[in-house]
Amino acid sequence: MNRRTVIRSAALATVIGLSAASFASAENPVLKIGFVGVTSGPAAAWGISNQRSMETRAAWINETGGVRIGDTTYDVEIVAFDDQKDPKRAIAGMEKMAQEGIHYVVGPNVDDGAAAVRPVAEQQGIIYFPYAFPKSLYQAPASNAVLGMVANYQSGPAIYKYLMENNGVKKVAFVAANESDPLSQRDGGIEAAQALGLEVVSGSVTYQVDTTDFTPVILPVIQARPDLLVLSGVSPANAPQLIRSARELGYEGLISTETAQDAGVLQEGAGELANGFISVGGASTPELASDMMREFVARYTTMFGEYNDESNTKVYALEYILETLKANPAAIGDVEAFKTTMDSFEAPNPYMVGDAKLSYVGATSFGQKRQVSVPLVVNEFRDGAFQTLFVAQVD
Amino acid sequence: MEQILANGLYLGAQYALIALGLTLIFSLMNVLNFAHGQMYVLGGFVTYTVVGQFGLPFIVGLVASALILALVGAGVEKFLFRPVIARSKRDESTMLLAAGIAFFLDAVILLVFGEKQRGVPKIVGGVLNWDFRIIMPYDRILIGVLAIAMIAGFILFMQYSRAGRAMRALAQDRIAAQLMGVDVERYSMLGFALGAMLAGLVGGLLVTITGINLGMGGPTSIKAFMMIMIGGAGVISGAIAGGFILGMMESVGLTLLAAYGDITYLVIFASLMIFLAIRPQGLMGKPWG
Chain Z
107 MNRRTVIRSA ALATVIGLSA ASFASAENPV LKIGFVGVTS GPAAAWGISN QRSMETRAAW
167 INETGGVRIG DTTYDVEIVA FDDQKDPKRA IAGMEKMAQE GIHYVVGPNV DDGAAAVRPV
227 AEQQGIIYFP YAFPKSLYQA PASNAVLGMV ANYQSGPAIY KYLMENNGVK KVAFVAANES
287 DPLSQRDGGI EAAQALGLEV VSGSVTYQVD TTDFTPVILP VIQARPDLLV LSGVSPANAP
347 QLIRSARELG YEGLISTETA QDAGVLQEGA GELANGFISV GGASTPELAS DMMREFVARY
407 TTMFGEYNDE SNTKVYALEY ILETLKANPA AIGDVEAFKT TMDSFEAPNP YMVGDAKLSY
467 VGATSFGQKR QVSVPLVVNE FRDGAFQTLF VAQVD
Chain E
309 MEQILANGLY LGAQYALIAL GLTLIFSLMN VLNFAHGQMY VLGGFVTYTV VGQFGLPFIV
369 GLVASALILA LVGAGVEKFL FRPVIARSKR DESTMLLAAG IAFFLDAVIL LVFGEKQRGV
429 PKIVGGVLNW DFRIIMPYDR ILIGVLAIAM IAGFILFMQY SRAGRAMRAL AQDRIAAQLM
489 GVDVERYSML GFALGAMLAG LVGGLLVTIT GINLGMGGPT SIKAFMMIMI GGAGVISGAI
549 AGGFILGMME SVGLTLLAAY GDITYLVIFA SLMIFLAIRP QGLMGKPWG
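Residue numbers (the numbering used here), protein chains in the order written: chain Z, 107 to 501; chain E, 309 to 597.
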């Protein structure tokens, strides 16, 4: 083959390739799903794992031909907006979603952002899936927010009860960052612990979110000699340091939190001192993960270089949106149809082994089904990995 | 009380080392380097990469952090601050540039190192327990001692080396130093490199204790500014005093005020406002600059 033929062949292949690509991309209409959350600054880890979970799943769907809703097959496009953990920016983000004609949005990640976007979402006909716990977002007359995870007032009592029955926990202490989310989670935790008959020996110690040395913070908490130390709403960045400081000060009791954590971060930051740390996880532990969950983790790792265990709880929201739209294609542009479908919706949970289901719950906590049903998976960290401690269902 | 003092000394040593770099840059160039915290974070991530990812000894990571941050500092001075200072006489030009560099470094760190908290294994195991009066892990003691040794080394360098004397002359009177033959551009670049290197060294040291993450830059800069406001901007001894005072205030406040909630920094900020109203130049600063 001479050089001219090679060049002609290459040019022809390029033209065909480009044509095929444009044909393929033009083949499916695009279904835009929004994400409004924090992907920069100190809390970036919360939103980045969220956004990347959505992007991983969307790329996977598109690679395998798109998602079929009614008679149409769509490619999924994730439209992301960094709200910088600022409620004003979150409102701007939700307005941008409305301008783009998006009706389904995942986020925001924190309480004040989720509360701030409510008027925009309700006026513009947007259903949003916050990772925020205030009940007022999900109780009538509010109806457009769907809690995207298990709330601390649901997981906390289950964890405390388990530890009372299995580990003889009687005295509990709480420590929280001085921010709205951790503080509200602490207050909810104290209330739940007291309702279960636990003695709260320390509940007022808080720390600045930018604290780097937790030894002075944790010292008075440890001196109260609790059986269980609860790190309310602790961020993955702070958890290893708090655990390490507590253990180095000689604390030998249990440590838990109701937020999701990353095993790699715990291992790097606290090593074996984090052994026994209890947190809320998702479906990626070997006992629970389905083949699809394992493939999700592999694809995420390929796309972004490293998996984040926080995504175990964040893999669900996009799946719920798409599966609900499949169940009622009319909801694609009509959120009222979506709300109607939520009451009876049920589909297999593809990320867990067994016969777990996707469905909407929350009637007990909120008086209406405004929460995704994800399993309450409580993990224990041990030697660099999470092990499933127990699994429960909320609502 | 012994524990509070020990915590305060440990915090003070690391804070003082952070403040030294910032005050050095300010004294030489009259530049408020808002990107100092981001340089600290970058230093931490370099050490993490060398130790945690490549599996090399901690000391190699520390040297890599020092060298890379010195290069970054020298580059920032030569290619960014020097042209801006030459073209603009307004102080806010360098402030805006420093803020821009801070945002830029934040974005670069997020892209290169990701959003996760990072850490490296403890460099020394075990915990000192003196009859439950002082409990201090050995690695903290080592880091505290290293920080104090670095502060001492820095003072000796500034006091007795030719470059140190030249930089002190620059800090005292830029024009007079120039007339005496000091190469202003060279020593400004060296000073900026040294300041950035100190930030990188602290980041590298503390990655073994506190870990490092993207969000630490801004708060670290704020604390460093507080320290030099307490001690007096542009004064080396003031930065050291400011660091130890802030560390001790934090340790005392977090222990004694714990029962009243998270009011330690509220009290520190209120005290700082009153103090600055009485002595705006700080403890060791001169009122005329």
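Everything labelled a hint here was simulated from the structure, so no lab data went into it. As the structure is a computational prediction, the values presented were derived from the model and not from experiment. For each residue, glycine too, the CB sits at the ideal point set by N, CA and C. Warning: the hint list may mix true and false statements.
Unchecked claim - Among chain Z residues calculated to face chain E with C-beta under 8 Å, some are:
(1) A150
(2) V311
(3) Y313
(4) T318
(5) D319
(6) P342
(7) A343
(8) E354
(9) G359
(10) L360
(11) V371
(12) A404
(13) T408
(14) E412
(15) A443
Classify the hint on Z:T318 as holds or violated, based on whether any CB of chain E lies nearer than 8 Å to its CB. 4 Å, holds
Interface hint status, Z:E354 versus chain E (Cβ within 8 Å): Interface hint status for Z:E354: holds (5 Å vs cutoff 8 Å).
Report holds or violated for the interface hint on Z:D319, using the least CB-CB distance to chain E and a cut-off of 8 Å. Given a least distance of 6 Å, the restraint on Z:D319 holds.
Is the hint on Z:A404 kept, meaning its closest Cβ partner in chain E is under 8 Å away? 18 Å, violated
Quick check on Z:V311 please, does its C-beta sit within 8 Å of some C-beta on chain E? 5 Å, holds
Going by Cβ atoms only, is Z:V371 closer than 8 Å to chain E? Result: holds, 5 Å to nearest chain E Cβ.
Does Z:A443 meet its interface restraint, that is, does its C-beta lie within less than 8 Å of any C-beta in chain E? 36 Å, violated
Is the hint on Z:Y313 kept, meaning its closest Cβ partner in chain E is under 8 Å away? With a closest approach of 6 Å, the Z:Y313 hint holds.
Given Z:P342 as an interface hint, is its Cβ closer than 8 Å to any Cβ of chain E? 6 Å, holds
Tell me if Z:A343 is really an interface residue toward chain E, meaning its C-beta lies closer than 8 Å to one of theirs. Check passed: Cβ of Z:A343 comes within 4 Å of chain E, closer than 8 Å.
Interface restraint verdict for Z:T408 against chain E (beta-carbon cut-off 8 Å): Cβ of Z:T408 sits 15 Å from chain E, so the hint is violated.
Hint validity - Z:L360 Cβ closer than 8 Å to any chain E Cβ: 20 Å, violated
Hints 9, 10, 12, 13, 15, counting from the list given before, are not met by this structure.
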